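*Asks:* Protein chains in written order, with my numbering: chain A, 8 to 190; chain B, 3 to 817.
Hints listed in this document are in silico derivations from the structure and should not be mistaken for laboratory results.
Just so you know, these numbers come straight off a predicted model, no measurement behind them.
Hints should not be assumed to be uniformly reliable.
Claimed, not checked - When the alpha-carbon atoms are kept at most 30 Å apart in a straight line, the in silico DSS-like pairs for lysine-lysine are as follows: (1) B:Lys297 x A:Lys154; (2) B:Lys400 x A:Lys154; (3) B:Lys812 x B:Lys645; (4) A:Lys154 x B:Lys705; (5) B:Lys148 x B:Lys19.
Claimed, not checked - Non-contacting residues of chain A with respect to chain B, defined by C-beta distances greater than 12 Å in every case (computed): (6) Gly38; (7) Gln94; (8) Ile170; (9) Val180.
Stated by the list, open to error - Where chain A lies over chain B, by a calculated footprint (3+ residues, C-beta under 8 Å): (10) 196-204; (11) 235-248; (12) 603-615; (13) 755-764; (14) 794-808.
In this text, a Cβ means the ideal position worked out from N, Cα and C, and glycines have one as well.
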Amino acid sequence: MSASTNATERAQARDPAAARRNVCLRLRVNGEELEAYVAPYKTLLEVLREDLGLTGTKHGCELGECGACAVLIDGAPVLSCLELAVQCEERDIQTIEGLARGTELHPLQAAFADLGGSQCGYCTSGMVMTAKALLDADPAPSRERIKEALSGNICRCTGYQQIWESVEEAARVLRAEKSEAKP
Amino acid sequence: MNAPEKPLKTRFDTVGKPRRRVDGRAKTIGQQRFADDLALPRMLHAKLARSPHAHAAIESVDVSRAQAHRGVHLVLTGADFPIPYGIMPVSQDEYPLARERVRFVGDPVAAVIAVDEQTAAEALDLIEVKYRPLPTIASPEEGLAKPEPRIHDYGEQGNIHRNQAYEFGDVEEALARSDHVFEDLFFYEGNTHLPLEQQASLASIEGDGKLLLQTSTQNPHYLHRQLGRVLQMPTAHIRVMAIANGGGFGGKCDPGNHEFVVSKAALVLGRPVKICLTREEVFYQHRGRHPVLMKFRTGVTKDGRLTAMHLQTLLDGGAYGSHGPASTFYTGVLTPVSYELPRFKFEACRVFTNKPACGPKRGHGTPQPRFGQEVQLDKIAHALGLDPAEMRLKMLTKPDSLTASWLRIGSTGLGECIEKAVEMSGWKARRGKLGPGRGLGLACSAYMCGAGVSIYWNKLPHSAVQLLLDRSGQVTVYCGATEIGQGSDDVLAGLTAEALGIDPVSVRVVTGDTGITPIDLGSYSSRVTIMMGNAALQAAARVRDLLANAAAEALDTLPDRIAFSQERVFAVEDAAKSMSFVEAVAAAEAKFGTIASVGSYAPPKPPGKFKGAGVGPSPAYSFTACVLETEVDPATGWVTVPKIWIAHDIGRALNPVLARGQVIGSVYMGLGEALMEEQAFRRLPPKLSSALVHRNPSMLDYKSLTHMDMPEVEVALIEDPDPNCPYGAKEAGQGPLLPVMPALANAIHDAVGVRIDEVPITPDKVLAALAKKAKGEVPRVGPERFPAVPYPEPTFVLPPWEGGDGNELKGRKAA
Chain A
8 MSASTNATER
18 AQARDPAAAR
28 RNVCLRLRVN
38 GEELEAYVAP
48 YKTLLEVLRE
58 DLGLTGTKHG
68 CELGECGACA
78 VLIDGAPVLS
88 CLELAVQCEE
98 RDIQTIEGLA
108 RGTELHPLQA
118 AFADLGGSQC
128 GYCTSGMVMT
138 AKALLDADPA
148 PSRERIKEAL
158 SGNICRCTGY
168 QQIWESVEEA
178 ARVLRAEKSE
188 AKP
Chain B
3 MNAPEKPLKT
13 RFDTVGKPRR
23 RVDGRAKTIG
33 QQRFADDLAL
43 PRMLHAKLAR
53 SPHAHAAIES
63 VDVSRAQAHR
73 GVHLVLTGAD
83 FPIPYGIMPV
93 SQDEYPLARE
103 RVRFVGDPVA
113 AVIAVDEQTA
123 AEALDLIEVK
133 YRPLPTIASP
143 EEGLAKPEPR
153 IHDYGEQGNI
163 HRNQAYEFGD
173 VEEALARSDH
183 VFEDLFFYEG
193 NTHLPLEQQA
203 SLASIEGDGK
213 LLLQTSTQNP
223 HYLHRQLGRV
233 LQMPTAHIRV
243 MAIANGGGFG
253 GKCDPGNHEF
263 VVSKAALVLG
273 RPVKICLTRE
283 EVFYQHRGRH
293 PVLMKFRTGV
303 TKDGRLTAMH
313 LQTLLDGGAY
323 GSHGPASTFY
333 TGVLTPVSYE
343 LPRFKFEACR
353 VFTNKPACGP
363 KRGHGTPQPR
373 FGQEVQLDKI
383 AHALGLDPAE
393 MRLKMLTKPD
403 SLTASWLRIG
413 STGLGECIEK
423 AVEMSGWKAR
433 RGKLGPGRGL
443 GLACSAYMCG
453 AGVSIYWNKL
463 PHSAVQLLLD
473 RSGQVTVYCG
483 ATEIGQGSDD
493 VLAGLTAEAL
503 GIDPVSVRVV
513 TGDTGITPID
523 LGSYSSRVTI
533 MMGNAALQAA
543 ARVRDLLANA
553 AAEALDTLPD
563 RIAFSQERVF
573 AVEDAAKSMS
583 FVEAVAAAEA
593 KFGTIASVGS
603 YAPPKPPGKF
613 KGAGVGPSPA
623 YSFTACVLET
633 EVDPATGWVT
643 VPKIWIAHDI
653 GRALNPVLAR
663 GQVIGSVYMG
673 LGEALMEEQA
683 FRRLPPKLSS
693 ALVHRNPSML
703 DYKSLTHMDM
713 PEVEVALIED
723 PDPNCPYGAK
733 EAGQGPLLPV
743 MPALANAIHD
753 AVGVRIDEVP
763 ITPDKVLAAL
773 AKKAKGEVPR
783 VGPERFPAVP
793 YPEPTFVLPP
803 WEGGDGNELK
813 GRKAA
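Between the sequences and the hints, there should be enough to build the whole structure, so can you do that?
*Replies:* Structure representation (structure tokens):
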């Protein structure tokens with residue numbers, strides 16, 4: 008339990024209305040320092056979507072069961088519906104909105120769009136961010152490794168196969184980019 | 003209007019080429035807006051209070067404390083909604099908030115509109131509802147046995163909602179003449195859509211005072227009509243925008259209670275009101291797969307040809323009508339489409355129970371009988387010593403033929419599908435030879451390309467498309483069709499682009515907005531590609547005529563010598579005589595004024611003329627064949643599926659990326675149903691009101707396939723263009739789901755010699771069947787009895803080959 012939560016609890020014990028009183032949060036999202044004035048009980052998911060206008064991160068259950076809300080915190084995939092926003096200060100948060108390079112799609116995004124990795128698109132943000140964490144750690148994952156890494160992300164449309172193909176294609180592109188950049 | 007536009011070209015620029023879908027970019031960068039992503043200034047939030055009882059009379063509702071809670075703006079109850087609704091005209095049995103009676107755990111009784119969700123949720127606890135619990139009905143068998151208390155005061159009798167019977171030729175006579183008669187019982191458990199997006203709706207009042215509802219619906223048109231009815235407003239004063247759905251699968255077809263609640267609240271308060279259902283609430287909204295008990299009596303000749311079939315079904319409808327009248331029909335009507343069946347009798351009964359209402363889920367009513375039919379065929383093949391693939395190949399329905407039940411089959415590629423699936427899987431060499439615990443199973447299916455008749459009776463077009471061009475070369479296409487992830491926007495852009503010889507990316511697509519777009523009936527029954535597509539080609543042909551006329555003048559040729567390709571307009575005999583598409587639009591605008599057109603489509607009239615002949619007919623049918631490999635662990639009953647091969651007769655694949663995606667996605671959903679998905683309930687003890695509670699209303703407990711469970715799927719698209727379809731393209735979104743469940747059951751039989759005659763096929767059932775086999779008992783798990791259902795006297799119609807004319811033959815059977 009972090010200090011800030013204990014402080015919130017103590018404040019609530021003194022004054023029950025305190026739980027409703029907004030707190031000022033400073034979050035680093037996609038490299039930008041953002042400030043929001045939010046209810047302390049809000050999850051990172053809610054703050055991203057409702058207070059920072061970053062609706063690219065989706066929700067399918069708000070109970071940590073579907074993976075749609077996955078974002079990267081300090082490079083690791085995290086379910087933003089299970090994370091209190093007040094615990095995310097001073098941490099590096101990456102969302103789907105920060106992935107493209109200007110108007111140019113990230114290779115994962117391009118592959119998902121071209122190969123049918125995204126149908127309705129609702130799981131796509133969480134899927135792509137989780138896949139990004141995987142490719143950051145392992146530039147040439149086996150198909151089994153891809154399935155394992157994405158196993159917490161449910162997709163009801165695609166049947167998953169095109170997602171595996173998209174991640175494999177993106178991995179190829181990223182490796183090629185890297186080897187071109189070297190010499 | 004019935005004759006679709008004949009494709010003028012056979013060489014395509016766009017059709018058949020794998021492309022990034024037009025909405026692919028937005029979806030992968032998080033820019034695609036879904037309903038819950040929308041927000042408006044001064045927006046309030048709604049929450050629904052739901053019944054804890056499965057069946058109870060509402061004695062009183064006291065909202066005074068909730069109303070007084072800080073931050074609450076409005077509390078609505080059943081008293082605010084005197085008019086019932088329902089998607090089908092014959093089942094208008096729902097109220098946005100229950101009046102007098104609740105019928106399942108989760109039935110909405112009141113709504114709080116507050117400054118935020120948290121406040122609304124707090125106020126829900128302050129609503130005091132006095133209930134008088136009533137006896138509950140858990141199953142159709144119980145509903146038949148207990149006509150009282152009635153869950154609804156309408157319907158056929160007691161708790162029977164729909165009851166119907168049809169007989170095409172004298173079935174008993176044909177069965178008596180058959181070499182063999184096989185009798186089998188099957189059960190298919192209910193399951194739900196589980197779209198990843200929870201339903202969300204945002205209602206607001208536009209500047210002109212009219213109501214705007216932005217919502218995750220598959221059917222904005224039907225919702226629009228129901229809103230007008232329930233709110234007692236002219237529908238022209240209501241605008242429904244179907245926001246791109248985060249998956250539908252049929253779950254967003256019915257109008258939802260929440261959609262009426264936020265609309266009413268916005269009208270009362272004059273402020274935007276939003277709701278997003280929780281995942282648990284999505285399980286209560288349901289409208290998913292009906293649990294169905296089935297009995298097949300099927301006659302065959304000794305060489306394995308069908309002589310007649312008597313099919314009986316019993317559907318667990320849940321607490322409301324929903325699409326039930328259609329669902330009931332669909333448990334029978336498509337059965338004769340895939341194989342020649344000289345005579346067919348079909349009886350179906352839907353019973354109300356105190357559970358969330360069942361409705362349309364991908365395959366609507368047909369996966370259940372398809373499971374039974376294809377497993378029974380496998381049993382017949384084994385009993386007669388025939389190869390299940392060969393046996394099917396010998397009795398396929400013929401192209402351009404009629405079924406005993408007066409459905410017109412157009413094109414069929416089922417034979418090719420079977421041959422392809424057999425070839426890809428190595429069926430002939432591998433079946434029965436994979437070693438202990440491993441097996442192959444085969445099954446086939448057929449599905450509609452759109453329902454031939456609208457949900458409400460009318461003679462109007464089923465889909466309409468409007469095109470608007472201007473001198474900048476911009477082409478905007480408007481259609482009421484709804485993007486639910488299946489790619490309908492891409493189909494619309496792709497077909498328009500192909501017809502005008504331009505890039506799909508050049509087409510601006512505006513869809514699913516009753517305030518702007520011409521009417522399309524919605525994203526259901528696999529109708530969009532065919533109906534919207536035919537309407538789009540008609541509209542495109544009309545502007546193409548104008549452009550060709552103007553271009554011919556400028557290029558000194560004849561209009562019928564003008565071709566459109568690669569953003570250019572040219573004379574076919576001399577490609578040097580050409581202008582850009584933009585120049586052609588400008589020339590046409592100069593000659594004719596602003597360039598616009600409309601196109602519309604209605605399906606051909608069904609050949610059957612008897613009452614009830616409207617359910618089942620379709621402009622075309624798609625066909626599928628599937629081979630599935632399985633491994634069964636005899637110690638645990640655990641079933642794994644390493645590989646699935648599937649061949650789908652799609653007519654023509656407009657965008658192969660999307661077509662393949664629909665096929666694999668269907669396989670995924672079918673395999674989930676086959677192995678694990680179940681929307682099941684349990685009855686609490688009497689001291690807890692005997693309520694029927696959902697066993698697993700969460701994504702963790704409702705099991706669905708993850709990445710780790712999904713096998714590799716090899717897809718073959720069989721392309722035999724259907725003349726009723728746009729450039730020949732048939733459906734792909736539902737048909738490929740259907741053969742997966744029976745293919746699994748058949749593969750398990752091949753692997754370990756047991757029959758699991760019910761879905762889902764869980765390890766406990768496999769183990770139980772293996773134990774029976776070890777004891778020398780009949781190695782089968784499945785339903786043991788079919789209750790006495792008071793089916794009505796059947797509507798008797800003679801098949802086309804017995805001198806019938808498609809009308810009911812009164813006075814029963816011919817001599």
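*Asks:* Taking the hints in turn, state whether each one holds.
*Replies:* Hints and how they fare:
no.: 1; hint: B:Lys297 x A:Lys154; in the structure: violated, 40 Å
no.: 2; hint: B:Lys400 x A:Lys154; in the structure: violated, 43 Å
no.: 3; hint: B:Lys812 x B:Lys645; in the structure: violated, 51 Å
no.: 4; hint: A:Lys154 x B:Lys705; in the structure: holds, 17 Å
no.: 5; hint: B:Lys148 x B:Lys19; in the structure: violated, 58 Å
no.: 6; hint: Gly38; in the structure: holds, 16 Å
no.: 7; hint: Gln94; in the structure: holds, 19 Å
no.: 8; hint: Ile170; in the structure: violated, 8 Å
no.: 9; hint: Val180; in the structure: holds, 14 Å
no.: 10; hint: 196-204; in the structure: holds (count 5)
no.: 11; hint: 235-248; in the structure: holds (count 3)
no.: 12; hint: 603-615; in the structure: violated (count 0)
no.: 13; hint: 755-764; in the structure: violated (count 0)
no.: 14; hint: 794-808; in the structure: violated (count 0)
When each numbered hint is compared with the structure, violations occur for hints 1, 2, 3, 5, 8, 12, 13, 14.
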